[in-house]
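Construct the entire structure; sequences and hints are all you get.
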Amino acid sequence: MDFSNFLLMQQEMSLMAVFVILFIYDVFCSDKGKQWFQPIACILFTLHTAWGFLPALTGEAFGGMFVNSDMTVIMKNILNIATLLVFLQVNNWLKSHDTVHKRGEFFTITLVTLLGMYLMISAGNFMMLYIGMETASLPMACLAAFNKYREKSAEAGAKYILISALSSGVMLFGLSFLYGSMGTMYFSDMTAQVVSEPLMIVGFVFFFSGLAFKLSLVPFHLWTADVYEGAPTAVTAFLSVASKGAAAFALMFTLYKVFGNIEVVWNPILWWSSVITITAGNLFAIRQKDIKRFFAFSSISQAGYILLGIIAGTPLGMNATVYYVLVYVFSNLAAFGVISAIENRTNGNTLISAFNGLYKSNPRLSLIMMLAVFSLGGIPPFAGFFSKFYIFMAAADRGQFLLVFIALLNTVVSLYYYLLIIKAMFIKEGDEQSVDCFVTDGYNKISLILCTAGILAIGFLSCIYEHIGSKVDLFNF
Amino acid sequence: MIKMEYYLIVSTLMFFIGVYGFIARKNMLAILISLELILNAVEINFAVFNRYLFPGSMEGMFFTLFGIAITAAETAIAIAIIINVYRNIGSVNVRKINKMKE
Chain A
354 MDFSNFLLMQ
364 QEMSLMAVFV
374 ILFIYDVFCS
384 DKGKQWFQPI
394 ACILFTLHTA
404 WGFLPALTGE
414 AFGGMFVNSD
424 MTVIMKNILN
434 IATLLVFLQV
444 NNWLKSHDTV
454 HKRGEFFTIT
464 LVTLLGMYLM
474 ISAGNFMMLY
484 IGMETASLPM
494 ACLAAFNKYR
504 EKSAEAGAKY
514 ILISALSSGV
524 MLFGLSFLYG
534 SMGTMYFSDM
544 TAQVVSEPLM
554 IVGFVFFFSG
564 LAFKLSLVPF
574 HLWTADVYEG
584 APTAVTAFLS
594 VASKGAAAFA
604 LMFTLYKVFG
614 NIEVVWNPIL
624 WWSSVITITA
634 GNLFAIRQKD
644 IKRFFAFSSI
654 SQAGYILLGI
664 IAGTPLGMNA
674 TVYYVLVYVF
684 SNLAAFGVIS
694 AIENRTNGNT
704 LISAFNGLYK
714 SNPRLSLIMM
724 LAVFSLGGIP
734 PFAGFFSKFY
744 IFMAAADRGQ
754 FLLVFIALLN
764 TVVSLYYYLL
774 IIKAMFIKEG
784 DEQSVDCFVT
794 DGYNKISLIL
804 CTAGILAIGF
814 LSCIYEHIGS
824 KVDLFNF
Chain B
430 MIKMEYYLIV
440 STLMFFIGVY
450 GFIARKNMLA
460 ILISLELILN
470 AVEINFAVFN
480 RYLFPGSMEG
490 MFFTLFGIAI
500 TAAETAIAIA
510 IIINVYRNIG
520 SVNVRKINKM
530 KE
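Protein chains in written order, with our numbering: chain A, 354 to 830; chain B, 430 to 531.
No lab work stands behind these hints: they were computed from the structure.
Here a beta-carbon is modelled for each residue, glycine too, at the ideal position from N, C-alpha and C.
All the pointers check out, no bait thrown in.
Heads up, incomplete: computed chain B residues facing chain A, CB under 7 angstroms, no partners named:
#1 444
#2 451
#3 468
#4 499
#5 506
#6 528
Simulated pairs of lysine-lysine, DSSO-like, Cα-Cα distance not exceeding 27 angstroms:
#7 B:525 with A:501
#8 A:505 with B:528
#9 A:798 with A:713
#10 B:455 with A:505
#11 A:642 with B:525
#12 B:528 with A:455
#13 A:448 with A:387
#14 A:501 with B:528
#15 A:798 with A:781
#16 A:798 with A:455
#17 A:501 with B:455
#18 A:385 with A:455
#19 A:642 with B:528
#20 B:525 with A:505
#21 A:448 with B:528
Here's what the structure looks like:
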């Protein structure tokens, strides 16, 4: 066997190393030593993230099963950053009575999830894609049910595992038709054979529905709000950025690589699901009282915007999509960092009314929340504006003016409900139920500072956008 | 030899019975069984396509094997989570799992 193939799996190998070290540490360490688990996990993962930025070999491994290109390296780096920020935010929650004895499990399970996402992105074969997807979603269900003694958490886990199993079943059903019509599962062999025959279109539609569950596109979004609300906040944060980002990347790769020939077929499907997703996500977000539910619907509408970049099907679109996910990671994790800080203070109260008068008691937290929300809404000086701008530009470049127009209208709607949070924090008076002044723990502070820096800087550092653009390789893998 | 179409009819029926069961059943374990029907239908599809259309390669069979393994893992996790739900709520009826509905 040729072991040089493993050289291509640079990031996977280092992730596995981190996983094994943490796992052994978790098993053999005394209870006293475990209080160092969080810093050690963060340091190891920071090393892994830094390792990911080193130049990597590119090419195909294992007969084309695994593909590593400059683009996949960038995507994995984005997921690494997201995971690192989540790791920094969990300290307070993991120290609580329910979870303190199993804090090691949280880190190891999250790392396995991340490995699944890597495989999803790097897949060169549908079997690899499927295995990656399952590796990403099965541990995710365990994470959602992590708060064992909370009803809501158990409920969220049950909903997530059943829905993810259904979605993978639907996806596999489509894949079996694709296999039946082409006789191969390798992306590179399928590309030339895909034509708009009925069987292939049926296969594609089933496959797309399966991935749409993961990406929580309307009408496959019904699990999102419940799972986001019930899962522990750190898990919700991870689910909303990393899981969604990985699904978006995988969808983009398969659409461009495999189904490039039948763009006429998938273009209208994506068009409609994008319009419905953005609109429904926005409209339902308005009436939410719980902030995690609120961000669930906000993330649904963000997934619609991501589709806007995918629908373009050009190098520009790919560039804009990856950039959008990067900015989304920072903005959303800033919001969730604040939410988890508040939640710890209010004993699990996540209603928006808990934010009343936050500016009076905790001005810095409320400012970060404001930045995050403005960035998600796309208000000019922040990164969210630039990412939305690029994504609209990519779609308009392909003549999707109507779609861009609808998305722009929806941006205005989204500003309304994002401003509801601002109103609660800055204008409404706090009562005895709202939080008093408190200091967040050091780790969460670091993550919030990193997120704020990202929101403020990424938009202006145009070199990041150009760097992603220089690595775009649409069709030659 | 039995024609390929008959296998496909069986697998398609199984798939849609599974989808119906997933939507209509109220017991979570029954839902899990419906999921098994869906996934097994898919595995029949892969095996049949491989045997009849592409007998030269084994790709479909491999996919079936991997699918079975992953399905088993999925069932294990799902049952663990359902037991956890039962401990918390005292029921596996999906009607009772509505703490988060507005």
